[in-house]
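Engineer: Sequence:
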Amino acid sequence: MESLRETDHRAQRSFLVVNGVPFAIGAVLSCFTDVPGVAVHGDLTLGLIWGILQCALFVASAWWFEVRSTRTSDPIERSLASDAPRTGGAQPASVNGSWR
Numbered sequence: 681m682e683s684l685r686e687t688d689h690r691a692q693r694s695f696l697v698v699n700g701v702p703f704a705i706g707a708v709l710s711c712f713t714d715v716p717g718v719a720v721h722g723d724l725t726l727g728l729i730w731g732i733l734q735c736a737l738f739v740a741s742a743w744w745f746e747v748r749s750t751r752t753s754d755p756i757e758r759s760l761a762s763d764a765p766r767t768g769g770a771q772p773a774s775v776n777g778s779w780r
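Numbering (my numbering), first residue to last: 681 to 780.
No lab work stands behind these hints, which were simulated from the structure alone.
Keep in mind that the hints are not guaranteed to be accurate.
[What the hints assert, rightly or not] Cβ pair distances, simulated, as ranges: (1) Val-715 x Leu-737: 13 to 21 Å; (2) Leu-709 x Glu-682: 36 to 44 Å; (3) Phe-712 x Ala-742: 36 to 44 Å.
All C-beta atoms, glycine included, are put in the ideal place defined by N, C-alpha and C.
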């Protein structure tokens, strides 16, 4: 259980660093109005490109975080579930609502 917790914390730290550093850089650069306003191509500015890249990085890292978390936690969760005693839980109601 401790290894699952450590793996989860490591993934969370990685996610935070991967997304926090570009966010901080973007926040600092946005203080200087000349930098984000630099025209790259037509109406496309450096600030707009930075924002698009940051959104793409967030989506990719969220997907990577989900895959990594699922891969590391699923075997442990399955082993915990298989060790749990089986109980004869409540019977579900039928489709028409009668409780027989």
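Engineer: Work down the list of hints and note, for each, if the structure agrees.
Structural biologist: Consistency of the hints with the structure:
1. Val-715 x Leu-737: 13 to 21 Å: holds (19 Å)
2. Leu-709 x Glu-682: 36 to 44 Å: holds (41 Å)
3. Phe-712 x Ala-742: 36 to 44 Å: Cβ of Phe-712 to Cβ of Ala-742: about 29 Å, so the range 36 to 44 Å is violated.
Violated hints amount to a single one, hint 3; each of the other numbered hints is respected by the structure.
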